[in-house]
Amino acid sequence: MGITRRLGLALCCGALSSGCGAHQVTAATLEPVFGPVVPTEVISGRAVDGGPGVTLMVGGTTLVHVDLETRTHRDTRVLLPDAERCWGLARLSDGAVWTLKGRDAAIRIGEDGRVLQTLPLGSPHFGLFGVADRLIVQPAAVAAGGAALVSNRPGDVHRIPWGDLVVRSFDQFASGAAAALNLVSCGVGGAGEVPCWFPDEPVVSLIRADGSARRIELAGLPRVAPEQLINASAPARPIRDVFIEVDGTIWVLSTGKPLDAAKDTPGGWLLARYGRSGEPIDRRALPEPVRLVLRAGGGRALVLTGLGMVAEVLP
Amino acid sequence: MVKRSLYGALAVFAWLVPGASIVHAQDDGCTTRLLMCYERAARIENFWYRWAAGLDCELDYTSCVRQKLVGY
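Line order of the protein sequences matches chains P and F. Quick note: the first sequence, position 18, residue 18 per my numbering, numbers continuous. Quick note: the second sequence, position 25, residue 1025 per my numbering, numbers continuous.
Read the hints as simulated data drawn from the structure, not as lab findings. For each residue, glycine too, the CB sits at the ideal point set by N, CA and C. Please note that a few of the clues may not be correct.
[To be verified] For each label pair, taking beta carbons as the anchor points, the in silico distance ranges come out as:
| no. | chain 1 | residue 1 | chain 2 | residue 2 | range |
| --- | --- | --- | --- | --- | --- |
| 1 | F | 1046 | P | 74 | 41 to 51 Å |
| 2 | F | 1039 | P | 228 | 21 to 31 Å |
| 3 | P | 168 | F | 1060 | 15 to 25 Å |
| 4 | F | 1032 | P | 228 | 12 to 22 Å |
| 5 | F | 1056 | P | 315 | 48 to 58 Å |
| 6 | P | 234 | F | 1039 | 23 to 33 Å |
| 7 | P | 247 | F | 1044 | 52 to 62 Å |
| 8 | F | 1046 | P | 36 | 26 to 36 Å |
[Unchecked claim] Footprint (simulated), chain P over chain F, 3 or more residues, beta carbon under 8 Å:
| no. | stretch |
| --- | --- |
| 9 | 1053-1059 |
| 10 | 1063-1072 |
Kindly generate the complete structure, drawing on both the sequences and the hints.
So this is what it looks like as structure tokens:
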């Protein structure tokens, strides 16, 4: 390649603030580390302990605690007196672990799986997360325009709106489907901001503990039509998981393009990284589906694969 | 007669409203369960209990769909 063309290419790449490489999808290298640690049942919640531990709520009944340093895991069954299932998981700053029991109560779970405390919520709720010393919950019955998430300290009656995610109107759908399209997911925030998002948008809201927030549109990820999300049995989700490193680098797991041979295995096939302000860094196609980013830093990530293995994404 | 009217109305509603009515070729069971739930709710004698049961159907539907939309 002549010097003129090289110079032209360099100028082109320099002119694009994201860099030419960020527009291409390259192949990720994924190496198994240990496992399997979970079955293919739905994981409804994930909580980190600030160290090597990650706890998952699996199947609505079991806490799976994974230690990424000792490469071990242990299962703890949640001892519920009835057939109710749990959804969501939060580990607060005092170490207390909370989950949603059914739709109407938050429960605190002990190390042995016993229910230590029950907080009736007074009305149905669809999601539960945690930040610092606050529970973040998603009430089921919020009119369009209202805050999707509210927060309080466990036991406090007073709840305040948390973040900038606002319930959207979907007039063409029945109320159950409209509520589903307004379900919020939240990932792991390592730089003082918790990433949360709606299921149809490639947009993440980065919310601080005090509830203030900023929004980032994630370039290169698709927006999905609401009817596709509702009607498909395995919908393509723009964002499946988000993990923010301590330096603010944003890792995003997206559905991507599944291979036919593994299309029934849960997980996403595209791993994208963005800078602190949403500037694209790279997008990589995964060789197998990945369900969660467990830890990330220095260009590497430990992930949970669709087959339940802990694997490492190499730089 | 009121019960039959409501049952008929629920059935018509279920067919008219896209999000609730379409038993799509890729249906994951949530919509089918919603329609069956509506059918059971329509058989409840008391109007208010029938209405509350219909709301519970919607909540169950959202909980069902939640797994594929936000589950890991």
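Hint check results:
For residue 1046 of chain F and residue 74 of chain P, the Cβ-Cβ distance of about 49 Å falls inside the hinted range of 41 to 51 Å, so the restraint holds. Judged by the Cβ atoms, the range 21 to 31 Å given for residue 1039 of chain F and residue 228 of chain P holds: they are separated by roughly 27 Å. The beta-carbon spacing between residue 168 of chain P and residue 1060 of chain F, approximately 22 Å, falls within the hinted interval of 15 to 25 Å. For residue 1032 of chain F and residue 228 of chain P, the Cβ-Cβ distance of about 19 Å falls inside the hinted range of 12 to 22 Å, so the restraint holds.
The beta-carbon spacing between residue 1056 of chain F and residue 315 of chain P, approximately 50 Å, falls within the hinted interval of 48 to 58 Å. A hinted range of 23 to 33 Å for the beta carbons of residue 234 of chain P and residue 1039 of chain F is consistent with their spacing of about 27 Å. A hinted range of 52 to 62 Å holds for the C-beta pair residue 247 of chain P and residue 1044 of chain F, which are about 57 Å apart. Range check, residue 1046 of chain F to residue 36 of chain P: about 50 Å between beta-carbon atoms, so the 26 to 36 Å window is missed.
Given as covered by chain P, the stretch 1053-1059 of chain F passes the check, having 3 residues with a CB less than 8 Å from a CB of that chain where 3 are the minimum. Counting residues of the stretch 1063-1072 of chain F whose C-beta lies closer than 8 Å to any C-beta of chain P gives 9; at least three are required, and the coverage claim holds.
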